Amino acid sequence: MLKYILKRVLWVIPTLIGVLIILFSLTYMLPGDPASAMLGPRATPELVEELNSRLHLDENMPVRLGYYLLGIAKGDLGTSVWSGYKVSSLISSALPHTALLAVCSLGISAVIGVFLGAFGAIRQNSPISRIVTIVSLLGVAVPDFVAALLLMLLFCVKFPILPAIGAGTEGGIGDIALHLILPATALGIGWVGYLSRLTRESMVDVLEADYIRTAKAFAIPQRSIAYVYALKNAIIPTITVIGLGVGKLLGGAVFVEIIFSRPGLGKLIVDAVYARDFPVVQGGILVATVLFVLANLLADISYGFVNPQIQYD
Amino acid sequence: MKKEDPLLEVSKLTLDYHLGARQMRALDRISFQLEKGEIMGVAGESGCGKSTLGLAIIKLLPKIANIRRGEILFKGRDLLKISENEMNQKIRGQKISMIFQNPQNALNPVFTIEKQMTDILRVQEKYKNREPRSSRYFREQAIERLKSTGIADPQARLSNYPFEFSGGMKQRVMIGMALSSGTSLLLADEATTALDVTIEAQINRLIADLAAEYGTSVLYISHNLGVLAELADRIMIMYAGRIFEMGATADLFDSPYHPYSAALLESLPSQQTRGKRLLSIPGFVPPLDQLPKGCSFHPRCPFAEDICKKEVPPLEQVTSGHFSACFLDRKRGRQKWQWI
Chain A
0 MLKYILKRVL WVIPTLIGVL IILFSLTYML PGDPASAMLG PRATPELVEE LNSRLHLDEN
60 MPVRLGYYLL GIAKGDLGTS VWSGYKVSSL ISSALPHTAL LAVCSLGISA VIGVFLGAFG
120 AIRQNSPISR IVTIVSLLGV AVPDFVAALL LMLLFCVKFP ILPAIGAGTE GGIGDIALHL
180 ILPATALGIG WVGYLSRLTR ESMVDVLEAD YIRTAKAFAI PQRSIAYVYA LKNAIIPTIT
240 VIGLGVGKLL GGAVFVEIIF SRPGLGKLIV DAVYARDFPV VQGGILVATV LFVLANLLAD
300 ISYGFVNPQI QYD
Chain B
0 MKKEDPLLEV SKLTLDYHLG ARQMRALDRI SFQLEKGEIM GVAGESGCGK STLGLAIIKL
60 LPKIANIRRG EILFKGRDLL KISENEMNQK IRGQKISMIF QNPQNALNPV FTIEKQMTDI
120 LRVQEKYKNR EPRSSRYFRE QAIERLKSTG IADPQARLSN YPFEFSGGMK QRVMIGMALS
180 SGTSLLLADE ATTALDVTIE AQINRLIADL AAEYGTSVLY ISHNLGVLAE LADRIMIMYA
240 GRIFEMGATA DLFDSPYHPY SAALLESLPS QQTRGKRLLS IPGFVPPLDQ LPKGCSFHPR
300 CPFAEDICKK EVPPLEQVTS GHFSACFLDR KRGRQKWQWI
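For the protein sequence lines, the chains are A and B, in the order given. No gaps in the numbering here: position 110 of the first sequence is 109 in numbering that gives the first Met the number 0, and each next residue is one more. No gaps in the numbering here: position 92 of the second sequence is 91 in numbering that gives the first Met the number 0, and each next residue is one more.
Wrong hints could be hidden among the right ones.
As the list claims (entries may be wrong) - Under the rule of at most 30 angstroms between Cα atoms (straight-line distance), these lysine-lysine pairs were calculated in the DSS-like manner: (1) B:LYS114 with B:LYS146; (2) B:LYS335 with A:LYS215; (3) B:LYS309 with B:LYS275; (4) A:LYS215 with B:LYS308; (5) A:LYS231 with B:LYS62; (6) A:LYS6 with A:LYS247; (7) B:LYS80 with A:LYS231; (8) A:LYS215 with B:LYS292; (9) B:LYS308 with B:LYS292; (10) A:LYS215 with B:LYS62; (11) B:LYS125 with A:LYS215; (12) A:LYS231 with B:LYS58; (13) A:LYS2 with B:LYS114; (14) B:LYS275 with B:LYS292; (15) B:LYS62 with B:LYS146; (16) A:LYS215 with B:LYS94; (17) B:LYS308 with A:LYS231.
Stated by the list, open to error - Which stretches of chain A does chain B cover? Using the computed rule of at least three CB atoms under 8 angstroms from a CB of chain B, they are: (18) 37-46; (19) 303-311.
These are computed hints drawn from the structure, not numbers from a lab. This structure is a prediction, so every number in the text was calculated from the model and none was measured. The beta-carbon is built from N, C-alpha and C at its ideal position, and this holds for glycine as well.
So that you can see chain A by itself, here it is in the shape it has in the complex (with noise of 0.2 angstroms):
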């Protein structure tokens, strides 16, 4: 298990390397050159130069890329162009906010959609299990940004009683909470859809099974058969999709960020993009995909616990 573990750990720096050749390749492709966008239209091309062999941007690409590496082994991430502030730093502060707003989402809307999921399969035929459908399609068919913004017309405009921007820092952790809600909300609701569905359909193929009759045959009560002997087995594919889906909730979490001006990594890396603030982008993206490869490995060693037919080595 613990060999398991480090091996997959060590495959993140392969990965990451090729993240970096890509994110490289687009900064040469992308228009404008960062030290004219630092500098200012009227910057003498001395001072232009000089900035770029600062920055080794007048080396070529795997040149650079071995710089970036070393600065890398060094826990260097390099300088904001734009702001001058260390991109570590810059990353450090915006991290928490990006990672409680996808905890809470992705948590509760596990918590919530599993719970609907199994909910309606269990009672499949009931008026609540099709309201329950109804809903989760919804969730489903809404995207995250409309859900965001639908939701801050909703509770900031015609009922302000929910804080619309920032993340609260200022306040106690009630703050925090209070800002938390809508972003969310908004990030989960998809979720929750998408999760009770998948739940609820391979809920329905365990409740069938052979060793749900064997218990059922021996008398088991009826609440600890659904929710412990059947949700055991319904819910390992749903664990695969959370796993999967940590990638696309960070890439939810930008629009939501933005919408919400929440100072997370999503907006951290979207407005250095717009600055063409390419230390901060490529570190900032750095960290997601980190993030991302270790969700993955969360979620395949979750499956373990769930799945005792799955040996790790």
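The hints should help you fit chain B onto chain A, whose structure is shown.
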């Protein structure tokens, strides 16, 4: 001394399946008795209602099933009138147990054997309103049960998952769950069909031995007459939801009354049939919603006469303890039905 009441007395049990607008009679006036400690074999082709009968007794029928009439008296009480709650609290898993056809899928793949066995023991204890016991007690009980089924090293095996057991071992685990000294009736639905022949014989021996030890009656459902010949005290032959013939095993094997039973026996390989072609009954079991008028077997029966096409032959006693549902055996007397 007064003869003991039968443990199980099914009378005129009639049951339909509803599939959309289609209505199918899966069991038609099934009546039989099962004595204490007796092993009754239930035989017939696929779709004849054998499994439905087992599920009806333990009341685990699918929702589309609808019991029209009849009684299932178990120790004098009609199970059909017992609430679902009471079934769980007093009957299922305690007095009446069931083991199923496919041991590969009969155990939950994501829980250990220990969890699955102790859960059953724990709910039974709870239903009996006894003082709560320690996990260790239930573990000991589970080990005892496994030991009784001949599983080697039960302590270690408890922490295994079903996929770590072979098919025969899984069926042993199932038997361990199902059979204890308190079990009055075991319903075994094709319990060994999925196993290979040597394992099948071992498991059947185990069922018979434990049943004898605990005084448990067994309703042994199987399509394999050869297995039933070794195991069962009496045999019931079913066809399209009806009992065609029922009698002591040796009696029925020696000289069946019903042409269908005769045909089933003819299609068994034996010393006498060595080197000869085995019988294959022409045609197939009709779909339950398209049963022919009269005796449901008459289209496949070369001996059928006019009356067979018009009237349903009732199940009647032909000799003491031997029942048959055929007009012809009554008319022509007991005879050897020459299928080949």
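* Asked: Does the structure keep B:LYS125 and A:LYS215 at a Cα separation of 30 angstroms or less?
  -> holds (16 angstroms)
* Is the straight-line distance between the alpha-carbon of B:LYS114 and that of B:LYS146 30 angstroms or less? -> Distance ~17 angstroms between B:LYS114 and B:LYS146 Cα, so the pair holds.
* To do: Below or equal to 30 angstroms on CA atoms is what counts here, so check B:LYS62 against B:LYS146.
  => violated (37 angstroms)
* Asked: Would the pair A:LYS215 and B:LYS308 pass a check requiring their Cα atoms to be no farther apart than 30 angstroms?
  -> violated (42 angstroms)
* Under the criterion that the straight-line Cα-Cα distance not exceed 30 angstroms, is the pair B:LYS80, A:LYS231 satisfied? -> violated (34 angstroms)
* Satisfaction of hint between B:LYS94 and A:LYS215, Cα-Cα up to 30 angstroms -> Satisfied, since the Cα-Cα distance of roughly 14 angstroms is no more than 30 angstroms.
* Hint consistency between A:LYS215 and B:LYS292 [alpha-carbon to alpha-carbon, up to 30 angstroms] -> violated (38 angstroms)
* Asked: Are three or more residues of the stretch 37-46 of chain A within 8 angstroms, CB to CB, of chain B?
  -> The restraint on the stretch 37-46 of chain A is violated, since only 0 of its residues have a Cβ under 8 angstroms from chain B and three are required.
* **Pairwise hint evaluation, B:LYS292 against B:LYS275, where the allowed Cα distance is 30 angstroms at most** => violated (35 angstroms)
* In terms of beta carbon proximity below 8 angstroms, does the stretch 303-311 of chain A have 3 or more residues touching chain B? -> holds (count 4)
* **Given hint B:LYS292 paired with B:LYS308 - CA-CA distance at most 30 angstroms** => holds (6 angstroms)
* Asked: Given the proposed pairing of A:LYS2 with B:LYS114, does the C-alpha separation stay at or below 30 angstroms?
  -> holds (29 angstroms)
In terms of the numbered hints stated before, the structure departs from hints 2, 3, 4, 7, 8, 14, 15, 17 and 18, listed from lowest to highest.
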